[in-house]
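Take the two lone chains, each set in its own frame, and fit them into one complex as the hints suggest.
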Amino acid sequence: MPARGLWVASLNDHKVTFSCPVRALFTLILTICGFWAVEFAIFHTGAYFTILRHDSSTGAVETHVHNELGRARHSLRQVLTIGDSRMGFLPRYANEMRQDTGYEYASIALGGATPRDWYYMLRGADPDANRYSAIVIAMEDYDDTETIEDYSVRAADLYYVIGRLKYSDIPEFARSFHDPELQWAAVRGIVLKGLIYKRDFQDFLLHPQERLDLAKLAHKDSYLWYYNYVGPNQSLEGVVVDFNNRTVTVPAGFSEAQKAAYRARFLDPRPPEKGVHSAFLHQWLGKIYEHYRGSKTRLVFLHLPRGPFIRPDQPPLNAHSSVRELGQQPGVILMPEHIFDSIERPGLFLDQMHMNGPGCAEFSRILAREVSHALDAF
Amino acid sequence: MLFNTIPFFVFFAAVLVLFYAAPRSWRRVILLVASYYFYLSWNYKFVVLLLGLTVVDFGAAIAIERAPVGRKKLFLLVSLAANLGMLGFFKYYNFFADNLAQLLRYPPNSWAYSIILPLGISFHTFQSISYVVDVYRGEQVAIRNPIDYALFISFFPQLVAGPIVRAREFFSDLNAWKHPSSEEVLRGVMLIVLGLTKKMAFADQFAQIADSYFQNLSAHPGGFAAWSGVFAFAMQIFFDFSGYTDMAIGMALLLGFHFPVNFRRPYLAFSMTDFWHRWHMSLSRWLRDYLYIPLGGNRHGRLMTYRNLMLTMLLGGLWHGASWNFVIWGGYHGGLLSLERMMGRREFEKRPPIWLYPLRAVITFGLVCLGWVFFRAATFADSRYVVSQLFHSGRQMEALIPKWLMYMTGASLVIALIEEKFEWTERLSRGPAWAYAAFMIILLLTIEMIGVTEKALPFVYFQF
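Here the protein sequences line up with chains A and B, keeping their order.
Sequential numbering from 1 applies to the first sequence in the numbering used here.
Sequential numbering from 1001 applies to the second sequence in the numbering used here.
The hints are simulated quantities; they were obtained by calculation from the structure and are not laboratory data.
C-beta: ideal position from N, C-alpha, C; glycine also.
All the given hints hold, so there is nothing to weed out.
To give an idea of the interface, some chain A residues facing chain B are shown, with a C-beta separation under 10 Å as derived from the structure:
(1) P21
(2) A24
(3) L25
(4) I32
(5) C33
(6) G34
(7) V38
(8) I42
(9) R188
(10) L192
(11) K198
Chain B extracted, bound-state conformation (with noise of 0.2 Å):
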């Protein structure tokens, strides 16, 4: 059950009535055994390890509260193993066992197994592990409803691709729930449609154009044709991944639920430090709290900052996925980080003056295209070829993106600065009902004149 279809929808208003027409004692078995539906309509086969990470973290965490001090690492060990190594075999075993072959020289795929990479993995062992870690810091009490936990991982607004919520977050908007009010609700409402439109209008149009230039290169050679891929690909995964995300944030809300926002107009960014404060927010918390700062953050020394750094962000592309192509995207990020903190840290997270801010988010955005190349292409040699493609000057000049498609880009691009500075589609649901309807109708008005409604294309970010 893709966001962008009407089973979804039907689903998700089946799960409204039922939940606000229960009795308050029941709403949490609903949202539960819906969540537990949503999973199993994509495949029943993996609800069994889904069920059973729930069941180790859920109990490793009790244990972990109990136990004496030296023997609560044992419990966190046992939890950490259970989630690294289902998601390591499941995402990673066929990267490894394939390398490893090549490495002995064995023929390729000797030790491969046809593995089929259950949804969402990467977000829910990411969402347990902050849990069972977070009790082992002492920072979050061990939850001891079974089924208040399971619901934690499993709760389908997030489940698939985030954001990562954290257990306080979520536990604390469960046990003080709260009728959402009508803002909330008008908001709710809004980020759905506002999801729908990026999803439909927006990346699906995207994505035709980025899939035509990447399944095959050699059909568009040249400089532009390669930017104009390459921009359609970032625009596709932006579009794509924040209006899921704008989808789960919207729906969580509807059902009282409070989730942080992933996305601030990351384009918009002045630097990739800055970037990253912008893009995937939740998994750059989730890096920095659980990777990076265990690792020593910045509290060695520049060279073990810059290590770090490296680690963090190679290790973050690798989540991504299971090849070098992600690695490479990851030590990319990394190293561009740790040359903005060489060159001065707080000139990369401060503001620049309105003359050069223009200036500085072309670059930032020119550099994270380069980076989308590696994410995008299909092979490490479909990436150089690419990357080359970028510079070089030959005279075709075949634009694969249409115009009016640029134009719709650039209108998006207007409202993102005026958001940037006013904040007014969070003030639209506080203020007149004329201007909501108003921003509402040309939402669906563009779902409808220009959104790929004839096939529902599966997010970018439900292969990870």
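So here's chain A without its partners, still in its complex pose (with noise of 0.2 Å):
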């Protein structure tokens, strides 16, 4: 078939032909529709979660919002929590409380999330806002005090959300990484979300038939896997952390790396103040808000306990922190800073930072009934 010139023009007396031949043109715009549609049908629609490791950074929160929109539902009143691996907050122990409390609770808290993380989550769980009476977020603290990690740069928190994220999202996330090449990386990555679920899909083709079982058995009973989770029941008890002397001494059974750790914790400087993680706050606690504005769901904020042993340079207290702006918001709720102080002990911890078995039940009711009360005075 001879080439067919859509239009000819002439250019100073030379004849120039911008000869585009239309099937050719034609083939390949059903190419890339074709390439689009199919992308689009296997990453946008949900099509993947169906292998998806329920593991995974991605699998675990596909697997958290969606067990979260199939839960079986007891009571109008439903209270959902979020936060990171620090929120032990366990449903079960403030469920057992119901008749006292008057509220059903669920969690998405979720193991190295992030606040940019949890806003696509509730936005997940909740998309029209309509379906608790609150929301929990679990905070390190309520003064924005700065992180070791810079989160506006964590690359990870792609992986994490990818599920959830659609195309007009790219213009807000892309630009929420402070890094032209994550930056880069976001953009392409919701575009073509096959290159972020590569390494998932390459590791199903490793032992196709056992993910697919995996994948519905996790379908199937995850939800109750992490509601029947009791939490380890190892603790601290016996480590002792000198605050004047700078030293920590841990019983026989700890190892090095155990003792490195609460070093770092507990008596290395804190990083210093740049304001980073609490422009990274507003940002995305203001995103979770706006999300709610206007809707019956009240958000609560409440200070997670600050650990084992409590360092004496705690930070100064930041009357302009992004918690402490919304809680002067309408429908949004401060939990007094220390409910949770009678858990700041060794026993009740498992590590420097995460509460044990025990710790995480007994959170989780104090939990339920403060936060039953406040909404109840609300």
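What follows is the structure, given as structure tokens:
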């Protein structure tokens, strides 16, 4: 078939042919549209979730959100909690008190998830912002204290929430990374989600049948796996942190790596304040607030137990922190900062940051009681 | 600018737009400027070398054409000396200096310099030599337009790693330039995507396995690991080089140029003779026309034929790199080709019956893999170790290659076998749009899901 010119122009007496073969153009457009359609069908409709590994970062987010969407509800007064690995809330203990509290609790808290991830997870679990009486958000503190890791350049967030992201999220999500390479990776990843899912897909190819079986099992039972989790019993009983002499003493059985981790957490200087974390929290907690603004859902912020040992150099009060500023908005409740002080004991912690099983149980009961009171009083 | 990077595709898209938007008389200049920009983006220092050789060969060809018969050779020698001199200095000086130092019992590196190999020098010097020799032989008229000649030498799709294009092929396209047809546009785009798939989804995956084996041989003892490592490199180099070539041919097609085929499913070869008819065909053709035949070819009896084959392959090996391992690799192939000649040429050129073909193809592939050991190993000692491991019947069964990659390789083998019989990828660009689109979608998804996209790995042949 000969090439056919779509249009012909002349320039400086030269005959210039902008020949664009129609058949080639049609076929290439068909190819691009076909590829986009297949890509969309696999990765933008949730189809890939049927084989996604439930314990990967993407899989964990998707599993939590899907479980929450499909959870049987026994009360109209629902409370959803969210946070990172330090949020040792176990809904089963809170729900054992349902007769007293009048609320049914659930959790989509996830280790490694940041407020950026929380926003997209909440948007997925509650797209119309009308399913819950309250959203409980667990904060490390109320002062936007600087963290060692700069969340604004945390590439892992793209992997956590890739299943939640839409094309319309591209500008905001990509811009939230303060690194041009990560911004580009975010744009590319949302447009071509397969680039982010590829590691999971290659892992699937290693043992396809086992993966299918596991995915099926996770879809059926993973809600109960999380719900019935009670946490480990190990504790920091016997560990001594001497803030005066700046020493850590551990009993037999603890490793040097554990000791070093305790030193880093309790004795090393805090990262200098640069306002980076505060800006990050302002943006993403603000997004969560915007999602629920005007709805009947209350946003409840709580201050997590600080740890098994309390550093003497606690951060100064920051009146302009993201949480305190949000606390002045209608529909937002700031729980008192010291309601979990009774948990700040070595016997209720697994390591320098995370509560153990008994600690989680105690924390969950206090949370359910205090939050329910606060909601009723609001 | 690597072919498998976004900056290159931005560059290529800009070139396409400028090329087709400009009046015809400007297009050669646009391509030349784009080609030099492409070369400059690698290393601006060596552009002087490229330009210098272009001027010398351009002038030498005209001088050869104008000179009386007796003096033609002088200008040919000037051109050859310039090309081979530069190639020799940049690529082989340290190799020969080091060997001479060892021979004379001087400390190693006594006369060594820190020399950076100019990108693509092995390819553009061979292309220049073929042009000047063709003019000397009267098979090609000397080009009078310096822009045309400079473009022939520097044309960016094939500047750094071929295919080695003959002057008459290039200038027939340039002088009678036609708009690519629908089929050519579709074929061009398909070759670019196919090349990217070969490079990113296959070559780069196998590269990680081959590198992990060859860079730490002692960590992977046993025959199974050795065969895995060597097989991975065999796959890496094929998919890498043929992927690059596919992209080069595809890009040239979109610009209205027709490059020769460089690979024709070489791992389906049933003999070493057949392998060299399928592997890096433009180099084989160059070695045949400018080395093997001038040496006498097969015209002076059996012994001279074997000698010529051996010399051609030794020099072909050395062309790849300045190390004894490449010489051994060339010698190994020369020896096998000579052996096949001894056993009867026709037997190894004629396709065997269908029942014998699989066995012959497997044996040939095994022999080729054995040769790759010398090509890939860093030192001769490493090569010896790997060869010893290949025939070592230890208990270790460490398979370095993941199953899914083996399945994909199996699928590509099936595709190659079907292609061998029906040449259906050729027909795709002429077939129904849905079939073309379906094939392309599979390729694009393969790049997306399997391709190594975290970092752009350079092409293996760029180092030559």
